[in-house]
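Asker: Residue numbers for the sequence shown follow my numbering, so the first one is 106 and each next one is one higher.
Calculated directly from the structure, the hints in this document are not laboratory data. Note that this is a predicted model, so its numbers are computed, not measured. Ideal Cβ positions, reconstructed from N, Cα and C, are used throughout, including at glycine. Among the clues, some could well be false.
[Stated by the list, open to error] Distance windows between CB atoms, simulated:
#1 S137 - F159: 29 to 39 Å
#2 S160 - E139: 47 to 57 Å
#3 Q135 - L155: 28 to 38 Å
#4 N153 - T120: 25 to 35 Å
#5 L151 - T120: 39 to 49 Å
#6 M158 - S137: 30 to 40 Å
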Amino acid sequence: MGNVFKANQILVDKTKPTKISSFQSKVQFQISPEEVEEGEKAKGQLLNKLKAMFSPEENSLGAGEASAEPLS
């Protein structure tokens with residue numbers, strides 16, 4: 106059989122990089138703290154919009170007023 110592996114075998118030759126590990130190394134990417142912060146802000150805004158849409162007490166204020174809350 107040699108180097109041919111069946112799909113259900115979990116045998117890995119540690120001396121050679123597998124296709125998966127070499128693929129993973131190519132997929133790594135950097136996320137800057139600024140990008141994380143932007144994502145958190147966007148998530149907060151989205152959560153505020155969803156709260157305004159689905160919670161009854163917010164709906165009585167109107168969507169414009171409900172989304173005008175300052176973001177922390």
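Asker: If you check the beta carbons of S160 and E139, does the distance land in 47 to 57 Å?
Answerer: With a Cβ separation near 31 Å, S160 and E139 fall outside 47 to 57 Å, so the hint is violated.
Asker: Between L151 and T120, does the C-beta distance stay in 39 to 49 Å?
Answerer: holds, 48 Å
Asker: Just tell me: holds or violated, for the beta carbon distance of S137 and F159 against 29 to 39 Å?
Answerer: Holds - the Cβ-Cβ distance for S137 and F159, about 33 Å, lies within 29 to 39 Å.
Asker: I want to verify a distance hint. Is the separation of the beta carbons of Q135 and L155 within 28 to 38 Å?
Answerer: holds, 30 Å
Asker: So the hint says 30 to 40 Å: do the beta-carbon atoms of M158 and S137 match that?
Answerer: Hint holds: Cβ distance 31 Å, inside 30 to 40 Å.
Asker: Determine whether the Cβ-Cβ distance between N153 and T120 falls within the hinted range of 25 to 35 Å.
Answerer: violated, 54 Å
The structure shown violates the earlier hints numbered 2, 4.
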